[in-house]
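Number of protein chains: 2
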Amino acid sequence: MKLQVAIDVLTTEAALEIAGKVAEYVDIIELGTPLVKSEGLSAVTAIKEAHPDKIVFADLKTMDAGELEADIAFKAGADLVSVLGGADDSTIAGAVKAAKDHNKGIVVDLIGVADKVTRAKEARALGAKFIEFHAGLDEQAKPGYNLDVLLSAGEEARVPFSVAGGVNLSTIGAVQRAGADVAVVGGSIYGADDPALAAKQLRAAII
Amino acid sequence: MKLQVAIDVLTTEAALEIAGKVAEYVDIIELGTPLVKSEGLSAVTAIKEAHPDKIVFADLKTMDAGELEADIAFKAGADLVSVLGGADDSTIAGAVKAAKDHNKGIVVDLIGVADKVTRAKEARALGAKFIEFHAGLDEQAKPGYNLDVLLSAGEEARVPFSVAGGVNLSTIGAVQRAGADVAVVGGSIYGADDPALAAKQLRAAII
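Those sequence lines, one after another, are chains A and B. Residue 1 is where the first sequence starts when you use our numbering, and the numbers rise one by one after that. Residue 1 is where the second sequence starts when you use our numbering, and the numbers rise one by one after that.
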């Protein structure tokens, strides 16, 4: 199972600082949506230039103009770009076309999708490299939120998948047991007092 | 009915050029999602500084972290920020909170939402200033696409609403007759040989 750090900060400088601390322990460096919107795709270029050996994930959460948005992100240096599961099939297909042109990959993010298992299978059939079973920051903040629902859905869908939604040191084992290909960790790394130590411990927890 | 130009170009320079040509004929200047992702929120700031008397709409299509994304867009100079109708209620509510803090507004974009009438009412109840009945660029490109479905839904929802989905000189009359508060025109202005003339004609078509 790969380890992906989701860097949800608002400046390229802060993202570079965190990436510099944790890169050696992670496989995929994700630039969060607010960061891309705040700084633009130059943030993606900066991270890729600083970490050319890492997989760089631009969390665009594309909802329309799939081919265009994916194309400009790949040109900026992204290796993976996210498209929303709620997007039209043609948007996902357009983004996949751009990915094929660049020999890169599209991740379909199921945030907000009610029937995640069905949509995961559809998105995989449309050409997504893997599917992200994802509960957003706003959803995680609600009472009663539980990661298990995502893990069960991921397990059931039988597609390559990642899990994002408050994964931390106490839950990463369950993520791996559910068969995830990628564990996405955000706040538990970038919000830690010692991000490098947090990433190192998470890496060590993957068997 | 207000006229909104959606500027779907990829550089701040190109956006400023089009805005400069058409501003006198429009009420709202929208910076498209690919532009914001490409250039960052500095594009919003540049347009607002060049056109302080216009309503500047940042088409963030926010899906998560509603309060955060809206807050940074308002701070950058936006007067209106879009949140996806497919987002969690808490995401819309968070964005509305940021709008109230800045005395600005949230537009909920119904792109990709199946039951647009129901979601429009819910989004309005959550505090959206108006609701955008929207067919995306990818959806418009599909065979059989027809603006009438959006207009009927907007009329039925009985909320303040805008319409976006290939509005042009031959359809803007129908948009107004459906009771829209805002007509959103993209390609028919920014893609015209003479954007200023196109905007002037669209303005003149509003009674």
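A few of these clues could be false.
The list treats identical chains as one, so a pair stands whether inside a single copy or across any two.
Below, computed lysine-lysine pairings styled on DSSO-like, alpha-carbon distance capped at 27 Å [stated by the list, open to error]:
(1) 104 with 129
(2) 200 with 97
(3) 2 with 129
(4) 21 with 2
(5) 100 with 200
(6) 21 with 200
(7) 142 with 100
Simulated from the structure, these hints should not be mistaken for laboratory data.
To see whether the hints hold, each was checked on the structure:
no.	hint	verdict
1	104 with 129	within (9 Å within a copy, 39 Å between copies)
2	200 with 97	neither (36 Å within a copy, 37 Å between copies)
3	2 with 129	within (14 Å within a copy, 43 Å between copies)
4	21 with 2	within (18 Å within a copy, 50 Å between copies)
5	100 with 200	neither (33 Å within a copy, 41 Å between copies)
6	21 with 200	within (10 Å within a copy, 54 Å between copies)
7	142 with 100	between (38 Å within a copy, 21 Å between copies)
Figure legend: structure checked against the earlier numbered hints; hints not met, in rising order: 2 and 5.
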